[in-house]
Amino acid sequence: MQTPTQSSESSDLKTRIAQLSGQPIRLHLGCGGVRLEGFLNVDLHPHDPEIQDSSRDGCDADVFADMTKLGLDDCTVDEIQTYHTIDHFTRWAGLDMFTDWHRMLRNGGRLVIEVADFTRCVLWLFHPLARRRQVAKNQFYGNQWDRIEFETHRYVWSAREIKRELRSIGFSKVRITHRTETHYPGRDMRIEATK
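If you read the sequence shown in our numbering, its first letter stands for residue 1, the second for the next number, and so on.
By construction, these hints were calculated from the structure, which means they are not laboratory data.
Remember, predicted model here, so these are calculated numbers, not experimental data.
Take the hints with a grain of salt, since some may be wrong.
To be verified - Within a straight-line C-alpha distance of at most 27 Å, the following computed DSS-like cross-link-like pairs (lysine-lysine) qualify:
1) K173 / K137
2) K137 / K69
3) K173 / K69
4) K69 / K14
5) K163 / K173
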């Protein structure tokens, strides 16, 4: 599967942002097959019908771009949302992304992340229900059955750790709840951070 080049990704994203002409710049990064209305839906990997990918429901991106290298100007983005994507990156790549996203967000800009909480995953490994034990185990490794490298997991953040790191990067308010809108409420966490 081919992905776009970095230079075309940046210019395509910048072109789409320019077309917003004064509207808030709201990015949904790693969108997969889920569209958020009012957002530019961004993903790196186009849907390939010849490759089985049971982890996501196609790809419905407005723009194909690498969320680790968006190349946008400082203080230009109003909001970034990303759901179950940061676990597909190493810890250091995650920290680099958070730092870059903080740089791109306007003062008062908002970052929303939903992802599994390491501590809750460990607890769920001992849950009496087999299904909960399985989804806890799957979180540590991601999709290991479809043989797609980008669907595997590289790091599992705990609520305490991600809150500490976002604050150290410069986010002024970081709120975490386990009442999430996607995947597994109770196992997963929703992080809302403000620049």
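Here is how each hint holds up against the structure:
For the suggested pair K173 and K137, the alpha carbons sit about 31 Å apart, so the restraint of at most 27 Å is broken. Only pairs whose Cα atoms come within 27 Å are accepted, and K137 paired with K69 is rejected, the gap being roughly 30 Å. The suggested pairing of K173 with K69 holds, with an alpha-carbon distance near 24 Å, which does not exceed 27 Å. A distance of roughly 12 Å separates the Cα atoms of K69 and K14; the hinted pair therefore holds under the 27 Å criterion.
At roughly 9 Å between alpha-carbon atoms, K163 and K173 fall within 27 Å of each other, so this suggested pair holds.
In this structure, the hints that do not hold are numbers 1, 2, in rising order.
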